[in-house]
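Protein chains in written order, with UniProt numbering: chain A, 1 to 490; chain B, 1 to 448.
The hints are simulated quantities; they were obtained by calculation from the structure and are not laboratory data. Check before you lean on any hint, since a few could be wrong.
[To be verified] Calculated cross-link-like contacts (lysine-lysine; reagent style DSSO-like; alpha-carbon spacing at most 30 Å): (1) Lys-165(A) / Lys-395(B); (2) Lys-348(B) / Lys-65(A); (3) Lys-478(A) / Lys-286(B); (4) Lys-306(A) / Lys-348(B); (5) Lys-308(A) / Lys-48(B); (6) Lys-189(B) / Lys-256(A); (7) Lys-323(B) / Lys-191(A); (8) Lys-478(A) / Lys-189(B); (9) Lys-156(B) / Lys-350(A); (10) Lys-434(A) / Lys-449(A); (11) Lys-434(A) / Lys-14(B); (12) Lys-45(B) / Lys-306(A); (13) Lys-2(B) / Lys-301(A); (14) Lys-2(B) / Lys-350(A); (15) Lys-35(B) / Lys-292(A); (16) Lys-348(B) / Lys-4(A); (17) Lys-392(B) / Lys-301(A); (18) Lys-233(B) / Lys-256(A); (19) Lys-301(A) / Lys-45(B); (20) Lys-165(A) / Lys-156(B); (21) Lys-349(B) / Lys-65(A); (22) Lys-306(A) / Lys-404(B); (23) Lys-125(A) / Lys-35(B); (24) Lys-349(B) / Lys-308(A); (25) Lys-449(A) / Lys-14(B); (26) Lys-256(A) / Lys-2(B); (27) Lys-14(B) / Lys-350(A); (28) Lys-87(A) / Lys-349(B); (29) Lys-306(A) / Lys-55(B).
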Amino acid sequence: MNNKDQALIFELSQPGRVGYSLPELDVPEADISSLLPDGYVREEEPELPEVSELDIIRHYTALSKRNHGVDSGFYPLGSCTMKYNPKINEDVARFDGFAHIHPLQQEETVQGAMELMYDLQEHLKEITGMDEVTLQPAAGAHGEWTGLMMIRAFHEANGDVNRTKVIVPDSAHGTNPASATVAGFETVTVKSGEDGLVDLEDLRRVADETTAALMLTNPNTLGLFEENILEIAEIIHGVGGKVYYDGANLNAVMSKARPGDMGFDVVHLNLHKTFTGPHGGGGPGSGPVGVKKDLIPYLPKPVLVKEKGVYHFEYDRPQSIGRVKPFYGNFGINVRAYTYIRSMGPDGLKAVTEYAVLNANYMMRRLAPYFDLPFDRHCKHEFVLSGKRQKKLGVRTLDIAKRLLDFGFHPPTIYFPLNVEECIMIEPTETESKETLDAFIDVMIQIAKEAETNPEIVQEAPHTTLIGRLDETAAARKPVLRYERDLQNA
Amino acid sequence: MKHRYLPMTETDKKEMLAAVGVQSIDELFADIPEKVRFQGLYDIKEAKAEPALKKELSAMAAKNMNAKQYASFLGAGVYDHYTPSIVDHVISRSEFYTAYTPYQPEISQGELQAIFEFQTMICELTGMDVANSSMYDGGTALAEAAMLSAGQTKRKKVLVSETVHPESRDVLCMYAKGQNIEVVVVPHKEGVTDISQLNELVDDDTAAVIVQYPNFFGAVESLAEVEKAAHGKKAMFVVSSNPLALGVLTPPGRFGADIVVGDAQPFGIPAQFGGPHCGYFAVTKKLMRKVPGRLVGQTHDDEGQRGFVLTLQAREQHIRRDKATSNICSNQALNALAASVAMTALGKKGVREIAVQNLQKTSFARETLKQNGLDIVFDGPVFNEFVVRLSKPVKEVNNKLLEKGIIGGYDLGLSYSGLDHCMLVAVTELRTKEEIELFAKELGDSHE
Numbered sequence: 001m002n003n004k005d006q007a008l009i010f011e012l013s014q015p016g017r018v019g020y021s022l023p024e025l026d027v028p029e030a031d032i033s034s035l036l037p038d039g040y041v042r043e044e045e046p047e048l049p050e051v052s053e054l055d056i057i058r059h060y061t062a063l064s065k066r067n068h069g070v071d072s073g074f075y076p077l078g079s080c081t082m083k084y085n086p087k088i089n090e091d092v093a094r095f096d097g098f099a100h101i102h103p104l105q106q107e108e109t110v111q112g113a114m115e116l117m118y119d120l121q122e123h124l125k126e127i128t129g130m131d132e133v134t135l136q137p138a139a140g141a142h143g144e145w146t147g148l149m150m151i152r153a154f155h156e157a158n159g160d161v162n163r164t165k166v167i168v169p170d171s172a173h174g175t176n177p178a179s180a181t182v183a184g185f186e187t188v189t190v191k192s193g194e195d196g197l198v199d200l201e202d203l204r205r206v207a208d209e210t211t212a213a214l215m216l217t218n219p220n221t222l223g224l225f226e227e228n229i230l231e232i233a234e235i236i237h238g239v240g241g242k243v244y245y246d247g248a249n250l251n252a253v254m255s256k257a258r259p260g261d262m263g264f265d266v267v268h269l270n271l272h273k274t275f276t277g278p279h280g281g282g283g284p285g286s287g288p289v290g291v292k293k294d295l296i297p298y299l300p301k302p303v304l305v306k307e308k309g310v311y312h313f314e315y316d317r318p319q320s321i322g323r324v325k326p327f328y329g330n331f332g333i334n335v336r337a338y339t340y341i342r343s344m345g346p347d348g349l350k351a352v353t354e355y356a357v358l359n360a361n362y363m364m365r366r367l368a369p370y371f372d373l374p375f376d377r378h379c380k381h382e383f384v385l386s387g388k389r390q391k392k393l394g395v396r397t398l399d400i401a402k403r404l405l406d407f408g409f410h411p412p413t414i415y416f417p418l419n420v421e422e423c424i425m426i427e428p429t430e431t432e433s434k435e436t437l438d439a440f441i442d443v444m445i446q447i448a449k450e451a452e453t454n455p456e457i458v459q460e461a462p463h464t465t466l467i468g469r470l471d472e473t474a475a476a477r478k479p480v481l482r483y484e485r486d487l488q489n490a
Numbered sequence: 001m002k003h004r005y006l007p008m009t010e011t012d013k014k015e016m017l018a019a020v021g022v023q024s025i026d027e028l029f030a031d032i033p034e035k036v037r038f039q040g041l042y043d044i045k046e047a048k049a050e051p052a053l054k055k056e057l058s059a060m061a062a063k064n065m066n067a068k069q070y071a072s073f074l075g076a077g078v079y080d081h082y083t084p085s086i087v088d089h090v091i092s093r094s095e096f097y098t099a100y101t102p103y104q105p106e107i108s109q110g111e112l113q114a115i116f117e118f119q120t121m122i123c124e125l126t127g128m129d130v131a132n133s134s135m136y137d138g139g140t141a142l143a144e145a146a147m148l149s150a151g152q153t154k155r156k157k158v159l160v161s162e163t164v165h166p167e168s169r170d171v172l173c174m175y176a177k178g179q180n181i182e183v184v185v186v187p188h189k190e191g192v193t194d195i196s197q198l199n200e201l202v203d204d205d206t207a208a209v210i211v212q213y214p215n216f217f218g219a220v221e222s223l224a225e226v227e228k229a230a231h232g233k234k235a236m237f238v239v240s241s242n243p244l245a246l247g248v249l250t251p252p253g254r255f256g257a258d259i260v261v262g263d264a265q266p267f268g269i270p271a272q273f274g275g276p277h278c279g280y281f282a283v284t285k286k287l288m289r290k291v292p293g294r295l296v297g298q299t300h301d302d303e304g305q306r307g308f309v310l311t312l313q314a315r316e317q318h319i320r321r322d323k324a325t326s327n328i329c330s331n332q333a334l335n336a337l338a339a340s341v342a343m344t345a346l347g348k349k350g351v352r353e354i355a356v357q358n359l360q361k362t363s364f365a366r367e368t369l370k371q372n373g374l375d376i377v378f379d380g381p382v383f384n385e386f387v388v389r390l391s392k393p394v395k396e397v398n399n400k401l402l403e404k405g406i407i408g409g410y411d412l413g414l415s416y417s418g419l420d421h422c423m424l425v426a427v428t429e430l431r432t433k434e435e436i437e438l439f440a441k442e443l444g445d446s447h448e
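The following block holds chain A by itself, in its conformation from the complex:
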């Protein structure tokens, strides 16, 4: 049974209860004050909970019931690729030989892990059409920054030190401009045209000898394939810049178009999206980066090499940008992605993209009569609607999203991309059945009708969730970011 309020674990605490079982101390015990310097022995105990094992399990089980995952129901969150997370992946990642190996063990003792990493890199090279891949970056944004640092090193090595700008489309993910800043670049925005694609004229205007790179997602965040991609790459290459592929949307083009063949020089992938590493409530992810030949010398080190059947981490890479993460990346997520790729094979990955795209187009066409469709052409793996029509009736996109909760659906991404008014961005993925898509479509149609006939029911949604709309302004005005007993009683 779900209670409206779930106590905080600290509120369940009772002095004297324990939830652990440590081994008996089997060595002679010294006086702690003889082992640590004066003033360095902790005096105040940390206020951690005191609860029994069953208390803990009940608490977290209750919390899990207050959470919606892909396994709970449809999760058509645009740009996030919320596909099914296969269970074999979880089993394999927990094998002792993968889960309980230390990154600093001697290489001879971890050849199996290195073999998996190497073979994953080989698979990702083929999938992206790039010449080399590093698994070091921890997530997509981390991969973006890694790629940009490599581009920076490339330009610097060529004495090309005035390339201070990175161009990003107005429809880009927020991480693109943020990563550019962290890598020390200035961001320049290129506009999208009426058709939702990069405006070539505007691109020619902003691209010049100060351009280090263009960052692009293809298909873009509107779910549209940038069909002028070769021209775009030519413009950037023409001024001496590099073209960066944000792989967030790779699910749309597997076996259909490879970044390496489209003119991209650097690619990052989100293994937790396209390749089913679960999202984990926000992470961990994994963001491998692939590069073309001329950028290979700048890859982060160590670089995994295979010599005479033996795997080896190579550190002697004089032009390498260095290390972007301790050790070798999020290996545990890479194991899951590898398991997935090996479960799908070449035919499977092709079908993944084809079905993801068919699902998206099917939903788009069925919903088009009821919502504004800003770009009326075939989409790829996702599409955007605009809630403009409903807004005129006093129902905002946020309201539509909240109303969906009443029917057990996770809402789509909303108010992104920024260049579409009252945006609703839907990505069904290939793992959903037609019945699920139809059920969601029916509810969306119902909500569109409610907006006309009974707008209050939408405006006041959700009605069936354990908790209503939360006051985010209050949360930000006087932030309470941790539990404090006095504060709760006040």
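Dock chain B against the given chain A, drawing on the hints supplied.
Below, chain B without anything else, positioned relative to chain A:
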């Protein structure tokens, strides 16, 4: 194509194509220019059925020597600790692991509340006011701390002790390069930060002084003195800390740290070849609005019911874009959950007990090695780790140890000049007296 992850039937396909108004799926890809269109299939391994694949990957895993079969004395930032069985049971609840970032709070209260509890526990252990929802790992958290310091002080130099994890320092240098921040290494003396050198190096251009506590050699740094040096020049005082050690060590917050970072891996997160682990990031109230990454805050719904939301998002990339305090988006939420469960299970008493056991066992191991004729390199107080000098290359000794079922320590000669033949030995509560004695005997026997 029939596949257990792909529910589309031929009938579905026909109906859907008709609804879209196309004859074939290929038409949906007609906007991809001919010149870039990929033909055929990827040249990758054929799909394997579930049982065969599991068998193959199980054999691959079996090639790796792991800490379940071997007694491990290897630490250097990643430790083999007691993990309560419940940890994996909780994080295997798929409502947690198949969820996205909790942007829809009404159906994400479970995750949000769990993170709120995680933030609280990190604050409690570190003695800080505010902690975020996690970072990739301790290394990138440290680099972000340096960036925050540079932004806050408008200074462009950071001092980092040589006793900070070498790989974290490498990562720091990478981030610093992007931001044109100068990184100056403060040398160590007898295994701890050389305070007199620190006092000479710190100046009015210093944005931060960064130390590790306990440090890479396991030694307990004098935070009181480092604090004086940092704050004396109005630089930020940044401490990277193993949170498990803080069960027995005075928390950095008590010494006036401005930022405390580290990795929660010791709490319930398997080594898994170096990742994913779980960085944490804690600050004083003053820096609350400069923190990178996601923060969960408490609020209420329209009926006054307590609830939790992602808050202060104006710091973040999806709102602020190129002006964000960091580019981080994905974090390590599931591992933060694992750490929360482990911290909850240990609780107030257990976190002290486990830390004390580590302290006692490390001390016992150090004494036992000494009695076996080995040369202990640094004398000061240590937690979890210490340095021993061998008469042979560490690799050679480690090969011998493997035959005895032991994974030996880290070869310090790989990252420190002057420490050739020196092994960094890690001893956790999981190492039994017998294992420690066997390890000591083997090292003693190798000694000439």
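Against the structure, the hints come out as follows:
Proximity of Lys-165(A) to Lys-395(B) is assessed by CA-CA distance (about 47 Å); at most 30 Å being required, the pair is judged violated. At most 30 Å may separate the alpha-carbon atoms for a hinted pair to count; Lys-348(B) and Lys-65(A) meet this at roughly 27 Å. Note on Lys-478(A) and Lys-286(B): the hinted pairing holds, with a Cα-Cα distance of about 14 Å set against a maximum of 30 Å. For the suggested pair Lys-306(A) and Lys-348(B), the alpha carbons sit about 48 Å apart, so the restraint of at most 30 Å is broken.
Note on Lys-308(A) and Lys-48(B): the hinted pairing holds, with a Cα-Cα distance of about 26 Å set against a maximum of 30 Å. Restraint check for Lys-189(B) and Lys-256(A): the C-alpha separation of about 59 Å exceeds 30 Å, so the hint is violated. This hinted pair checks out: Lys-323(B) and Lys-191(A) have alpha carbons roughly 19 Å apart, not beyond 30 Å. In summary, the hint linking Lys-478(A) to Lys-189(B) is not supported, as the alpha carbons are separated by about 45 Å, beyond the 30 Å threshold.
Distance hint between Lys-156(B) and Lys-350(A) is unfulfilled; the C-alpha atoms sit about 49 Å from each other, more than 30 Å. Restraint check: the Cα-Cα separation between Lys-434(A) and Lys-449(A) comes to about 22 Å, which is no more than 30 Å; the hinted pair holds. Between Lys-434(A) and Lys-14(B), the direct Cα distance comes to roughly 11 Å. Compliance with the 30 Å bound is thereby established for this hinted pair. Between the alpha carbons of Lys-45(B) and Lys-306(A) the distance comes to roughly 18 Å, so the proposed pair stays at or under 30 Å and holds.
Between Lys-2(B) and Lys-301(A) the alpha-carbon distance is near 41 Å, which puts this suggested pair outside the 30 Å criterion. Among the hinted pairs, Lys-2(B) with Lys-350(A) is consistent with the structure: their alpha-carbon atoms are about 12 Å apart, no more than 30 Å. Restraint check: the Cα-Cα separation between Lys-35(B) and Lys-292(A) comes to about 19 Å, which is no more than 30 Å; the hinted pair holds. A C-alpha spacing of about 28 Å is found between Lys-348(B) and Lys-4(A), which places the hinted pair at or below 30 Å, so the restraint holds.
Between Lys-392(B) and Lys-301(A) the alpha-carbon distance is near 28 Å, which keeps this suggested pair within the 30 Å criterion. A hinted pair counts as satisfied when its Cα atoms are at most 30 Å apart, and Lys-233(B) with Lys-256(A) does not qualify at roughly 58 Å. The hinted pair formed by Lys-301(A) and Lys-45(B) meets the criterion: a straight-line CA distance of about 27 Å does not exceed 30 Å. Distance restraint check for Lys-165(A) and Lys-156(B): the Cα-Cα separation of roughly 21 Å lies within the 30 Å cut-off, and the hinted pair is therefore satisfied.
A threshold of 30 Å between alpha carbons decides the hint, and for Lys-349(B) with Lys-65(A) the separation of about 29 Å falls inside it, so the pair holds. With a C-alpha separation of about 29 Å, the suggested pairing of Lys-306(A) with Lys-404(B) holds against the 30 Å cut-off. Only pairs whose Cα atoms come within 30 Å are accepted, and Lys-125(A) paired with Lys-35(B) is accepted, the gap being roughly 20 Å. Taking the CA atoms of Lys-349(B) and Lys-308(A), the gap is near 53 Å; set against the 30 Å cutoff, the hint is violated.
This hinted pair checks out: Lys-449(A) and Lys-14(B) have alpha carbons roughly 28 Å apart, not beyond 30 Å. Only pairs whose Cα atoms come within 30 Å are accepted, and Lys-256(A) paired with Lys-2(B) is accepted, the gap being roughly 20 Å. Under the criterion of a C-alpha separation no larger than 30 Å, the hint pairing Lys-14(B) with Lys-350(A) is consistent with the structure, at around 18 Å. For the hint pairing Lys-87(A) with Lys-349(B), the CA-to-CA distance comes to about 36 Å; that exceeds 30 Å, so the pair is violated.
With a CA separation close to 24 Å, the supplied pair Lys-306(A) and Lys-55(B) stays within the 30 Å bound.
Hints 1, 4, 6, 8, 9, 13, 18, 24, 28 from the earlier list are contradicted by this structure; the remaining hints agree with it.
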